[in-house]
Amino acid sequence: MNGAPLELFLLVGAALFACGAAGVFRDAEPLRRVIAVNIMGSGVFLLLVAIAARGGGDRPDPVPHAMVLTGIVVAVCATGVALVLADLSGGEEGDDDDGERS
Amino acid sequence: MSPVDALSTLLLAVSLFFFTAGTIGLVRLPDVHSRLHALTKADNVGLGCVVLAVLLQASDWTEGFKLVLIWFLVLAAATNVSFLIAGGTGKRDHDDREGDGR
Amino acid sequence: MTSDHLLILIPLAPLLAALAAFAVPRAARRIGLSASLIMVFLSLWLGLKISAHGPLVHTVGGWPAPLGIVLRADGLSALLLLAVSVVGAAISIYASAYFGAPAGTAASRQSRFFWPLWFFVLAALNAMFVSGDVFNLYVTLEIQGLAAVALVAMAGGSDAVHAALRYLFVSLTGSLFYLTGVAVLYGETGTLDLAMLGEVVTAGSPSIVALVLMTGGLMMKAALFPMHFWLPPAHSSAPAPVSAALSALVVKGGFYIVLRLWFGPFDDLVSTAAAQLIGVLGVAAIFWGSWQALRQSRLKLLIAYSTVAQIGYLFLVFPLARSADARSTVVAGGLVFLLSHAAAKASMFMAAGNVLRAVGNDRIESLAGMTRWMPISAFAVGLAGVSLVGLPPSAGFVGKWLLIVSALDQRQWWWVAAILVGSMLAAAYVFRLLAPAFVMTADDFRPQPVPRIMEWSAFALAALSVVLGLFAWLPAGLLGDALSRGTGP
Amino acid sequence: MTIVQLFDALLALLLLWLAWRAVTDAVLFRAVVSFVALGLVLALTWFRLQAPDLALAEAAVGSGLTGALMLAALRRRSDRSSPTPEGPVKGAALRQLPGWVLAFVIFGALSWAVLSLPIPAQGLTEEAHASLEKSGVTNPVTAVLLNYRSYDTLLEIGVLLLAVVAVWSLRVAPRLRPGSPSGPLLEGLLRFLIPLLIITGGYLLWIGAFAPGGAFQGGALLGGACVLVLLGGLTVGPMTGRIVLLRTGLWAGLAVFIAVGLGAMTSDRWFLEYPVERAKLLILLIETAALISIGLTLGCLFYGGRPESGSSDRSSP
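First to last, the protein sequences are chains A, B, C and D. Residue numbers are given in the working numbering: position 75 of the first sequence equals residue 75, and the series is strictly consecutive. Going from the second sequence to the working numbering is simple: count from 1 and add 102. Going from the third sequence to the working numbering is simple: count from 1 and add 204. Going from the fourth sequence to the working numbering is simple: count from 1 and add 693.
Among the hints, a few may not be true.
[What the hints assert, rightly or not] Simulated restraints, written as ranges between beta carbons of each label pair:
| id | chain 1 | residue 1 | chain 2 | residue 2 | range |
| --- | --- | --- | --- | --- | --- |
| 1 | C | F433 | B | A160 | 27 to 35 Å |
| 2 | D | L978 | B | A160 | 31 to 39 Å |
| 3 | B | V176 | D | L706 | 33 to 41 Å |
| 4 | C | A256 | D | L938 | 43 to 51 Å |
| 5 | D | A823 | B | V176 | 47 to 55 Å |
If you're looking for bench data, these hints aren't it; they were derived computationally from the structure. Ideal Cβ placement from N, Cα and C applies to all residues, glycine included.
Could you put the whole structure together from the sequences, leaning on the hints where they help?
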């Protein structure tokens, strides 16, 4: 291995996940919660990549890398939808034109 | 330490100096415009030195071409961003990005 | 384990329907209805094939288990797929009438976007029930979460948007907790396949933390008691067909994965204390949900809190199914209960939608004299109530009966007490609905006309939920020894 | 060796500090900036942990595009409400303690678990590299994404389409701020930069087969080009004619993926099991369609709503 201290990165990953989780539960502001969820995601991805680097010798394990790539794309989709919803919930100018109260 | 390596390390040291100068300028200078000035000038020259240093180590011309392309792109982006920020702060008075001590 | 090429059609059919509904928005309704019928036939075909040949396997891409993804369908998946397609078809028929507004209005915009989102939910559920890979389950959880959130927010009101936003954050957090568990599991075992995990997971420390994280995340998705707060506002502010879909089908996804994990890889890792704890959470959900339902003044909120309570019953399966011999009866009871709740709850939300369409608001007082001006929907509410409370011969009764019998066999009588008290509370809030319905009102009351299809689909589901009780041996038989101890899925 | 360890320690510290700033900073704008910086440092970490594909994706999508989305949302938020003084989050103090207690519990349990992972690490490295030549590509990550676990990627491209449908169902796209900055300098840059982005996106797609790159990284660049088009004020113009084209581009990726999968299946192979000799061609076909869909999807996510066409609602999407 190129000597990267994997335990350190595993701990940092766990810390990022915990910090994000606290942020999601702690905050009311939607934009901050979106940031917190993204940080949780980054924490999990750091765990996965560190686990991938643990096994491979000089060739890291490609399966967690594919999982993280999928995770990054899913995270940006969720962030996109969350930000539009946060926008709508913040101001009232969303286009809720005469949708009957259902 | 072949002369090429020596030259590379020298260039890296020079770039280090420019980067620190840019950062000190960012921290110490009072208002936006002078900070922009410090940042764009110092950091771009710093990056130029780094690119030159790495160029010396480059194995073939395609790699060298990519490095120069990187440097050119950063230059183009930096000039535009500083132009926009400078232009922006002039027009918008209550812009919350105004660094008025917050 | 017979291999089967057509198993891939189960997740693909709704995915293609969603794609077609998005590509050709004007034909979305027709695509939706035809796709719903196709899915019913597909799941019937799957059920017959599994009862004949046993579990089916489809190795996607030709790569075997550790490297590639293997789709597996056993009795449990077949049963859930049947439930999703049948209840889904009824919801599609109801929605085609519910959104049948003339083109150009806001409702027609809703209709155009309802169908692709609805079929993404169905695709997520179908993919989830046949997937044999834990990371693949994560992707299906994300699809289900995003699509359900968009469906809730479609109602457009500010409280719908706020409910959808909170639902989205809980859904994302739950998925990420689940993904962390998957990461730890992969770090420890080096495989993502459910069957292979079963053989490899030992009682080492990482897999305990993985179990806790995954279960915690899935409890958020399934809205089990401590993490149920997002469900009532989301299910009550969504359009009626969406509320029906969420309460009847979407919430069951999280429960299904916990079932697969606790009786699959983590079977011998789960201590009786952990099983008892999740059972206690179930009981707490029953009492809290029923208590809140009693205090609601709005019909849809009452039904949403009833969902919180009924989910509690499902999680009673875990403490009761620890012993190998009791497992098949308990899981059968839990599944029959799940089917009956899906049908009954969907029909109740549909009936609530009918009331809302006819009267304009869903306050419980406005149900006054409902048996006169909307008899079919009133009958549907009654029948669905019978099944929710668990009166014989409904399937709800059969499910609860099987749970009670095995609880008594294992002398865990406290679950019996919980089920009985829960049923009485359910009876209380159902009668709260029915009482005003039979009250005579001044006969000059003119409700808005409600399309007949909407009433009949609600009635059909309620009737199904009751009649299913008479044929409860069918699902129990199909289930076979899907989750029996040791063999794994 | 100490220099490298120093660099790693600095990287770890930077990650933690930026994450802390992003979650707890009182000024929302600085929290967003900290988050974007975190994304860039994370890209550096991926590179340090020998995951160049992820470094590309993280820099382009994780910090670049997500940062752009957040700044746009922040801009719309401060437009709407007068910039309320950014005091500490109301009521946060009350919720502060339980939040952080939960964080410490999670951190404790998770670090205990990850530190006690078995020493001969389990992994699929050998299996993945063993059947690499049968997969049609030599970059192992692309092999996993588009051959071994291609079903995951298919569902993921489904998630992208779902995100666009969700955003379009929520609202009509808000008009970008009038008087958004558009000077000769910016247009000059865009006229040069956008073609370059498109070419580089195609290049990344092509080298994805044997070097770090692929459809997602290329798609992220195309997404960036779309964002620049929208931000640069290049008028998007009446969309009526082009909405059908945009819509087709959006669902093309998923449709091609399923078509190739079903096509491969007919001659009694499994779904998505490519014939070995034509694997590279099929993967390239899938990735090209995915590239277009990903780029357009990320652009639509930034656009923040459905493009309203001039004519009446009926013919609009």
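Results of checking the hints against the structure:
Under the hint 27 to 35 Å, the C-beta atoms of C:F433 and B:A160, about 58 Å apart, miss the expected range. Taking the beta carbon of each, D:L978 and B:A160 are about 35 Å apart, inside 31 to 39 Å as hinted. Taking 33 to 41 Å as the suggested C-beta distance range, the pair B:V176 and D:L706 does not conform, at roughly 26 Å. One distance hint, 43 to 51 Å for the beta-carbon pair C:A256 and D:L938, holds here, with the actual separation near 48 Å.
Against the hinted window of 47 to 55 Å, the Cβ-Cβ separation of D:A823 and B:V176 comes to about 41 Å, which falls outside the hint.
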